[in-house]
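*Asks:* Sequence:
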Amino acid sequence: MINAIKILHKEKKYVRLFLAGIVNGIGDRFSQVALLALLLELTDSGFAVGIALAIRVVPFLIFGPFGGFLADRLSW
Numbered sequence: 006m007i008n009a010i011k012i013l014h015k016e017k018k019y020v021r022l023f024l025a026g027i028v029n030g031i032g033d034r035f036s037q038v039a040l041l042a043l044l045l046e047l048t049d050s051g052f053a054v055g056i057a058l059a060i061r062v063v064p065f066l067i068f069g070p071f072g073g074f075l076a077d078r079l080s081w
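Just so you know, this note's numbering puts the end of the sequence shown at 81, numbered straight through with nothing missing.
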């Protein structure tokens, strides 16, 4: 673990990139919560919120197995 910390002190650009990824992920979650709260406020329907969440998951369900198959078959 100490070695990893020493490496991170040397690689300042990587640390900035890593932290930017964390901030990006937090921002994505906040925007998702805000959009779902707005949808609930506008429609007053939990069903609509559930459908919106399901629609966001569908691409991962469709393309995830295909991506996994490609990752297993291709060696880059």
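Derived by calculation from the structure, the hints in this document are not laboratory data. Take the hints with a grain of salt, since some may be wrong.
Claimed, not checked - Derived Cβ-Cβ restraints for the label pairs, each shown as a range:
(1) 8 with 38: 36 to 42 angstroms
(2) 14 with 46: 45 to 51 angstroms
(3) 23 with 78: 16 to 22 angstroms
(4) 9 with 57: 35 to 41 angstroms
(5) 60 with 8: 42 to 48 angstroms
(6) 9 with 58: 33 to 39 angstroms
All of these numbers come straight from a predicted model, not from anything done at the bench. Built from N, CA and C at the ideal position, the CB exists for glycine as well.
*Asks:* It remains to establish, for every hint, whether it holds in the given structure.
*Replies:* Hints, verified against the model:
no.	hint	verdict
1	8 with 38: 36 to 42 angstroms	holds (38 angstroms)
2	14 with 46: 45 to 51 angstroms	holds (46 angstroms)
3	23 with 78: 16 to 22 angstroms	violated (30 angstroms)
4	9 with 57: 35 to 41 angstroms	holds (39 angstroms)
5	60 with 8: 42 to 48 angstroms	holds (44 angstroms)
6	9 with 58: 33 to 39 angstroms	holds (36 angstroms)
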